[in-house]
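Asker: Read top to bottom, the protein sequences are chains A and B. Using our numbering, you'd call the opening residue of the first sequence number 12 and step up by one each time. Using our numbering, you'd call the opening residue of the second sequence number 563 and step up by one each time.
Among the hints, erroneous ones may be present.
Some but not every residue of chain A turned toward chain B, in silico, with C-beta under 10 Å [stated by the list, open to error]:
1) I66
2) T98
3) P102
4) F137
5) M140
6) G146
7) E187
8) S188
9) S205
10) L227
Now the stretches of chain A that chain B is said to cover, found in silico as 3 or more residues with beta-carbon under 8 Å [as the list claims (entries may be wrong)]:
11) 25 to 37
12) 70 to 80
13) 108 to 120
14) 123 to 134
15) 164 to 171
16) 175 to 181
17) 208 to 222
If you are wondering where the hints come from, they were derived from the structure by calculation, not from laboratory data. Please read these numbers as outputs of a predicted model, since none were measured by experiment. We put the beta carbon where it would ideally sit given N, CA and C, even for glycine.
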Amino acid sequence: MIKNISNLGDAALYCDFGNEVNKSINSQVIKYFKTIKEKKFEGINNLTPSYNKLIISYDLKKTTFKEVKKFIEKVNIEDLEKTNSKTLEIPVCCHENFSMDIKRLEEILKLSREKILENFLNKEYFCYMTGFIAGMPFLGDLDENIRAQRLETPRVKVPKGSVALTEQFANIYTFESPGGWNILGNTPLDVFDSSKEDKPNLINPGDIVIFKEISLDQYKNYNE
Amino acid sequence: MSSNYFDIIRPGINTTFQDKGRDHLYHIGIPFSGAMDNRNYLIANKLVNNNLDSAVIEFAYQGPHIKYSGEKINFAVTGDVIFSIKKKDVEIEGKCYESYQIENGDEVNIISTNKSVYGYLALGGVFDLKFQWNSCSINTKANIGSNDGKKFDVGQRINLKKINSNKDIKKTNYINTKIENIRVIKGTNFDYFSEEGKKVFYEKEFTVSKLSDRMGMRLEGPKIDNIVNTNIKSEGLIKGVIQVPADGNPIIMLSDHGTIGGYPKIGVVASVDYDRLVQMSPGSKIKFKEINLSDAETLFKLYEMETQNLLSQI
């Protein structure tokens, strides 16, 4: 349930579901997200579910914080049928050409490259949300041994396909973009396809993702 | 083949098509996009008798140089922009906020924006563009929108589907005002910062960095000290959010921003000041001033009334 609603600026509602990150809180967020989306409240122009927050932004020309808050407090959250989640294997190459932050991770985690990869690969991760840049999946939870904070200064350019870690999460940069996560490898797979307007994301909230290591040669030949 | 088109002789630095943007897509990671300076976007369309939500050409710093081919058409430039119009043998200096008529063979050369960032070039007609999620706005970071999601390139040809039959010449007097203070509403992680850090945020001057674009504006200045955590669990973002990463330098989210972020939010720029914020070029000084939600709502209402008033006079 929503613990607190506040304003984020003058054109968004910040719905707080608590500070913990787990599947049960996350599925609450998703339930609210889906229900509110269905209701098509006049003025709401975006909903952003995340681990334990839901941000509802609206057009200040059409509605206000007060009106949207009133609507959210009264909304009946319906039990939604379970959506079909799928399990996906994502190839990742961790060659030094790609693993830009491996040295940093080795230092912070006090683990060798081999150990870091052993703890990361071939495990099941749950997709909590998608976003940042088109289609980027937020996956978790990582083994406690390989959890690291973001970079102090985010990079201006992170290469497309980068597989990166922060805290208990992993993600895939679907496009070249700025970003502050620790980069471990790169996938040759296209995770986002804008030509499919109704389903552009390969990975969706609720899906299970397993990273499988590939060699540099396999990486190079992947899309041929 | 369309008989009305223009060729791009010089694309400019970051020239794209923009319209009102796209909504209901944050949850898959697609931002609003759309014209950065909404007021100037609307005025540009009004000056050439377009629907207000039509696509226009947005440029930053140096704009495009285009050569037009086809039947007579109106165009207008908005913002604080230096440009010229070349007709047969004469080249005249153009004035913003006035529409002009050009004909086959004429050229428009957008030389630069003046102490600002964005300008708009509207043509009185409808460009032949691809729409994605009901908008042709180009998002170069995710290659979404018209022109394959890429900025203008030299040698490209852009077709027009239609030319407005209403070719009335229009003019308005508008001056882009600068503001000294950007008004902000306290962010959801305001209390992550030390008393000293909060004071720095509201009292010191920050400089707009060169590393600014349609996605975000990076600021440099005194460090804002965080006493709780320099990371938060990644969560949604909106236009105008000011995040402070561990290095203490604020980053303001702009129209092509990432939809999710994990740095603490110290504040959010009030909607009323967004159009003017985006026009602050690298090197400009910014000071933040705190306002509350209800003042922000009232100020935006007034700003919006002023915009509607400006449009109704054109």
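Asker: Each hint needs a verdict: does it hold in this structure or not?
Answerer: Checked hints:
{"no.": "1", "hint": "I66", "in the structure": "3 Å, holds"}
{"no.": "2", "hint": "T98", "in the structure": "20 Å, violated"}
{"no.": "3", "hint": "P102", "in the structure": "21 Å, violated"}
{"no.": "4", "hint": "F137", "in the structure": "14 Å, violated"}
{"no.": "5", "hint": "M140", "in the structure": "7 Å, holds"}
{"no.": "6", "hint": "G146", "in the structure": "5 Å, holds"}
{"no.": "7", "hint": "E187", "in the structure": "8 Å, holds"}
{"no.": "8", "hint": "S188", "in the structure": "6 Å, holds"}
{"no.": "9", "hint": "S205", "in the structure": "5 Å, holds"}
{"no.": "10", "hint": "L227", "in the structure": "26 Å, violated"}
{"no.": "11", "hint": "25 to 37", "in the structure": "holds (count 3)"}
{"no.": "12", "hint": "70 to 80", "in the structure": "holds (count 4)"}
{"no.": "13", "hint": "108 to 120", "in the structure": "violated (count 0)"}
{"no.": "14", "hint": "123 to 134", "in the structure": "violated (count 0)"}
{"no.": "15", "hint": "164 to 171", "in the structure": "holds (count 3)"}
{"no.": "16", "hint": "175 to 181", "in the structure": "holds (count 3)"}
{"no.": "17", "hint": "208 to 222", "in the structure": "holds (count 3)"}
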